[in-house]
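J.: Each protein sequence line maps, in turn, to chains A and B. Read in order, the letters of the first sequence are residues 1 to 110 in our numbering. Read in order, the letters of the second sequence are residues 111 to 226 in our numbering.
One or more hints might be untrue.
[As the list claims (entries may be wrong)] Listed next, the in silico DSS-like pairs over lysine-lysine satisfying Cα-Cα at most 25 angstroms (straight line):
no., chain 1, residue 1, chain 2, residue 2
1, A, Lys57, A, Lys67
2, B, Lys119, A, Lys40
3, B, Lys119, A, Lys41
4, A, Lys37, A, Lys67
5, A, Lys67, A, Lys3
6, A, Lys56, A, Lys68
7, A, Lys97, A, Lys56
8, B, Lys119, A, Lys37
9, A, Lys97, B, Lys167
10, A, Lys41, A, Lys97
11, A, Lys37, B, Lys167
12, A, Lys57, A, Lys40
13, A, Lys56, A, Lys37
14, A, Lys57, A, Lys68
15, A, Lys57, A, Lys41
16, A, Lys3, A, Lys68
17, A, Lys97, A, Lys68
18, B, Lys167, A, Lys41
19, A, Lys3, B, Lys167
20, A, Lys67, A, Lys97
21, A, Lys37, A, Lys57
In short, the hints are calculated from the structure, not lab data.
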Amino acid sequence: EDKVVQSPLSLVVHEGDTVTLNCSYEVTNFRSLLWYKQEKKAPTFLFMLTSSGIEKKSGRLSSILDKKELFSILNITATQTGDSAVYLCAVVEGNEKLTFGTGTRLTIIP
Amino acid sequence: DSGVTQTPKHLITATGQRVTLRCSPRSGDLSVYWYQQSLDQGLQFLIQYYNGEERAKGNILERFSAQQFPDLHSELNLSSLELGDSALYFCASSVDPAGLVMETQYFGPGTRLLVL
Chain A
1 EDKVVQSPLS
11 LVVHEGDTVT
21 LNCSYEVTNF
31 RSLLWYKQEK
41 KAPTFLFMLT
51 SSGIEKKSGR
61 LSSILDKKEL
71 FSILNITATQ
81 TGDSAVYLCA
91 VVEGNEKLTF
101 GTGTRLTIIP
Chain B
111 DSGVTQTPKH
121 LITATGQRVT
131 LRCSPRSGDL
141 SVYWYQQSLD
151 QGLQFLIQYY
161 NGEERAKGNI
171 LERFSAQQFP
181 DLHSELNLSS
191 LELGDSALYF
201 CASSVDPAGL
211 VMETQYFGPG
221 TRLLVL
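Build out the structure end to end from the sequences listed, making use of the hints.
T.: Okay, here's the thing in C-alpha cells:
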C-alpha cells in the first residue's frame, strides 16, 4: 500500500527559529512531490519537486527531494507567527493517483 | 477568493442519510476535483471530472458518487452516511485535465459535513 508519512506530527517553536519538516514516501510510480500550507482554509501550494537534489526556494522557505532515500524536507528559516499552519506533503504517481501525508502542525510562539 | 464556490458551507445530518454537495468551478476551468479532509485520514483525493467526464479516481467509497454537468458545475453525492464521513469536503478546479498536479488547482472554501 502506498504511503506518505510526515514527521513530526506537531512542532512548536519560538519566532525566529528554523524548522525542518520531513516527508517520506513509498509509492509505486513516483512522478512528483508537492508541499502545501494549510491555514484555516484550503491548501495553498508551496513547491513541486520532481528531481533529486535540486533545491526549490521561495523567500524563507526551501525544499529538496531525495529520490534515492525517498524523502523530502521543507525548511523554514527565521520563522514568523504567520508561518503557523499545517504543512501537507503529497505524492503524485504516474497513474495520476495522489496521496497525502497527514500533515505537520507547526505553531510559532511570539 | 479563488473563484471556486461551494455550497452549503456547513451541513449537519444523521447517519443513513444522503447529502449532495455542490461546486461551481472558476470561470473557464474544465476540470473539477473533489477532496475529503478528516482528522484521522488527512486530505484525500476522491475523484476528478473533466468537461463532464470522469477522468481520475482516488479513494472514493462506493457510497459516494459525483458528476459534472454541462454547465461544468459538479455535485458530490454521499449516501448511507456514517459517522466517519464527517469531514471537510473541498472542491478544486483547473483549466486542463493535466492539472491533477495541485499547483494548477484552485480550491473552494469547503463544505463541512457533520454526521450525527
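J.: Going through the earlier hints one by one, which of them does the structure break, listed in rising order?
T.: Of the numbered hints given earlier, the structure breaks none, since each of them holds.
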